[in-house]
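Starting from the structure of chain G, add chain H with the ligands where the hints point.
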Amino acid sequence: MNRTAFLLFIFSLVAFYLIGSNNEASLEAYEVISEEQRDSLTTERAYEQVMNVLMHPRCMNCHPTDDVPKQGMDRHPHYFGMSRGKENKGFSVTKCATCHQEENNLNSGVPGAPHWSLAPSSMGWQGLSRSEIAQRLLNPETNGGKSHEELVTHMTEDELVLWAWNPGVDANGVQREKPPVSEEDFKKAVEKWFDEGAPIPSK
Amino acid sequence: MKIALKVNGEQHSLEIADENTPLLWIVRDLLNLKGTKFGCGKAACGACTLHVDGEAVRSCSYAVKFADGKKVTTIEGLRNEEAPHPVQQAWLEHVVPQCGYCQPGFMMATAALISKNQEPTDEDIDNNIINICRCATYYRMRKAIHRAAELERDRLSLSTKNIENGEE
Ligand code: FES
Ligand code: FES
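So the sequences go chain by chain: G and H. Going by the UniProt record's numbering, the first sequence opens with residue 1, and the numbers climb by one from there. Going by the UniProt record's numbering, the second sequence opens with residue 1, and the numbers climb by one from there.
Extracted from the complex, chain G is given alone in its bound form (with noise of 0.2 angstroms):
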């Protein structure tokens, strides 16, 4: 009896997943379930996929708040000293662009997309919460006089943000990890969070 019970549980379960799998109707319903939850985005969540992204090293190692540009996902130190320098770039001679180039070099694993630079230091992240980056972002006094419409621009358009998701491999080869939300819907989420007039949630 047992023996029966526990062979029709298997068969049943081997049934189900043969006709859930061969069944476009359920494929189709999973796909617009998941356009509807992109729909749905909260404003909170948005802010939370926005800030997700913010907070990962592809993006901070850029935005210091000690001048000293940051490596690789223990973000140590820039190597060789280097340090801000004027105009976020580097010094006279030895520049970011003595070694970075307008795109990734795969031969040497060093880093590349146009105007490679620093973050201004108005616009260092590291070691502040969640909260005080947004209030550095949305301020025009921090963020280079920069309204809401050209932050939009800015996050999903400029060709160095979104090099984040094309981030070449290392000194090693070894491919440079990408931060946790897709471009595409890290694009979704800061539009979502600015059309919602971009809030802060005070928590």
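In short, the hints are calculated from the structure, not lab data. Any given hint might turn out to be false.
Claimed, not checked - List time: in silico BS3-like cross-link candidates among lysine-lysine, alpha-carbon distance up to 25 angstroms:
hint	chain 1	residue 1	chain 2	residue 2
1	G	K70	G	K192
2	G	K89	H	K116
3	G	K146	G	K187
4	H	K65	G	K89
5	H	K161	G	K89
Since the model is a prediction, treat every value here as computed from it, not as a measurement.
Positioned in the frame of chain G, the structure of chain H with the ligands alone reads:
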């Protein structure tokens, strides 16, 4: 891809199969200018430093496509024995090299430094001359950099005087 380069004053037109080939490979292997050295291949040591349009770059990490239409200067093009560049003169005076392998990179970085700053402080040197020398010639190097800057100041004031006197 066709690449046009002016290297040490000489125009070259090169057919390059891979536009991402490091400029260092082109300079050493195609143009046979062996003065520029390969050290790390990762933009870390500076042995491969040369100038592209007057700016110091690490040519092991510089795709040749970015140099298209630009002027490249290597250690061979700095100056010659009859008229040494201030950096070469200072290096000779202070007998800087030990094994010598890193020196062309340091000299090119220094040449770029004194072209922009004829009175570099020790801090300027620390910030800008960050190449690596395994023989640790840093002590002599620092003295030579200050001397090269002094020679460059002399050279500039001399040429200013010549211009004032109507000479070229
Ligand atoms: S060989 Fe280019 S920096 Fe070391
Ligand atoms: S002189 Fe030998 S590495 Fe510098």
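- Hints the structure fails to honour: Going through the list in order, the structure violates hints 1 and 5 and respects the others.
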